[in-house]
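> These are the residues of each chain, in order.
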Amino acid sequence: MSELLQQIVNGISLGSIYALIALGYTMIYGILRFINFAHGDVFMVGAFIGYYLTPQIITLAGGNLLVAAPIILAVTMLGCSILGVAIEKLAYRPLRSRPKLTVLITAIGVSFLLEYGGQLVFGPDPKLFPTLIPSGSVVNTEYIIIGTNSIVVIVTAFALMLLLRFIVFNTKMGTAMRAVSFDHRVASLMGINIDTIISFTFILGSSLAAAAALLYASIYPSINPLMGIFPGLKAFVAAVLGGIGNLAGAALGGLILGVTETFVSGYISSSFRDAIAFSILILILLFKPTGILGRHEREKV
Amino acid sequence: MLEIVDLEVKYGAIAALQGISLSVKPGQIVTMIGANGAGKSTLLRAVSGLVGITSGKILFDNANITNLPAHRIVGRGISHAPEGRMIFANLTVKENLEMGAYLRDDKDGIASDLERVFSLFPRLKERIHQSGGTLSGGEQQMLAVGRALMARPRMLLLDEPSLGIGPILVKAIFSTIVEINRELGMTILIVEQNAHQALKIAHYGYVVETGKIILQGPCVEIARNELVRKAYLSES
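Keeping their order, the protein sequence lines are chains A and B. Counted from 1, the first sequence has number 4 at position 4 by the numbering used here; the numbering is strictly sequential. Counted from 1, the second sequence has number 203 at position 203 by the numbering used here; the numbering is strictly sequential.
Same shape as in the complex, but just chain A (with noise of 0.2 Å):
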């Protein structure tokens, strides 16, 4: 019993990590309709700002952590919204009107030139990211133990999750995003200009992407230039599973899959870990390709 409860705890804080990094996928979707597979080396790129910035920031704090993460946090947030915004720019945005599957290799082609260019500019070795959240834990009894980093986690994903929920669904701009990723022509008989919708939309997947490395990097400390390949695919995964284009969906999809892994590497075998995604993969496209909350998209006449 205290194990069960000791692996949702520590599933659902992964889980809520590959949900804000799903919900950056599954918005770049909405909008432009086709996968951003760059999405995971900007959570790279996050954690190296953050790997880089935190001892910096620490000593101007004077050592405080309350006061120095959430300035890590934002610096972070913003240097990986200028990145996404410029690769939106430079490499998708000239190809918008070409067919979907030509902005797709590029998002590949992207996605390697990150992972590569990460290797040259911080080089290929691990490095060890520097605490940000202080060691210890809220909870220690005999049953469970939840180490401060699980709730710092939760609590910081599920309250961006939130923050993205209200921007989406009470700001101006957030229905402006909603009526451009029904119809960018009609949105834009209203007077909405779809670059900077579509860079806005950038700037709030980039952004929950930094979140995610900080917090994952502060889970597993070891970060390295091709970090973001798993941890990005798990995160589509999630988003499909959720029903791709439905942020609720994807937050679900996440929290299903982080779950999920660490009950297959809790329970059955670690080596397992990483084969479940996939194989969730596999069986929402053989059974329910539109996912758990998705949709059916009516083609459009």
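Read the hints as simulated data drawn from the structure, not as lab findings. None of these values were measured; they are calculated from a predicted model. Among these hints, one or two may not hold up.
Said to hold, decoys possible - With a Cα cut of at most 30 Å, we get these calculated DSS-like pairs of lysine-lysine:
#, chain 1, residue 1, chain 2, residue 2
1, B, Lys107, A, Lys172
2, A, Lys172, B, Lys10
3, B, Lys10, A, Lys100
Keeping the supplied structure of chain A fixed, place chain B upon it in accordance with the hints.
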């Protein structure tokens, strides 16, 4: 107010508009009638910036708006209720209307225009929190017109407001269009296959066939024209 000079639009090798010239004066309802595929929708799309122009000029209030991007043309004061209504199915009725007012910042003005749209189309008020996709065809058409009005435009482009709607609702919508023109002094360009209704409410009309204007004049005269009666008003 709107001056279209020798407009040509090509989709690939196909010429959709072959030298159309047309003018709309302030306060007028002008209609363009013609069969499906005659180029009516293309004309409105060219004016609102949705399709590129091969040659020719579009002037609005004497300013050249040819090939301006669509989102900037709205800012000049032209609102387009597109063919097939194109309501944001994933947004509520209220959000659809708010998107119509996307470029405006005057909260009070938006609120009073929202009320005005509801007084023109009381049905929309009943459905205010329903998503656009759940509305009937007629309600969607009301929403499309209401949404276009929310930009507080100086000119309204209406693309086939009668399409796919029962005759009673068509009458209601056309009488609201007249009301919008009279009460708000709105200039309206309306393209229609339903020549009968359009000629009844418009002041001036154009008949278009395969991308060319074949006839124009005050609607009373057009309605009397032998050719129009045979081809568009289905009288023998």
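> With reference to the structure, classify each hint as holding or not holding.
Evaluation of the provided hints:
1. B:Lys107 <-> A:Lys172: 12 Å, holds
2. A:Lys172 <-> B:Lys10: 36 Å, violated
3. B:Lys10 <-> A:Lys100: 24 Å, holds
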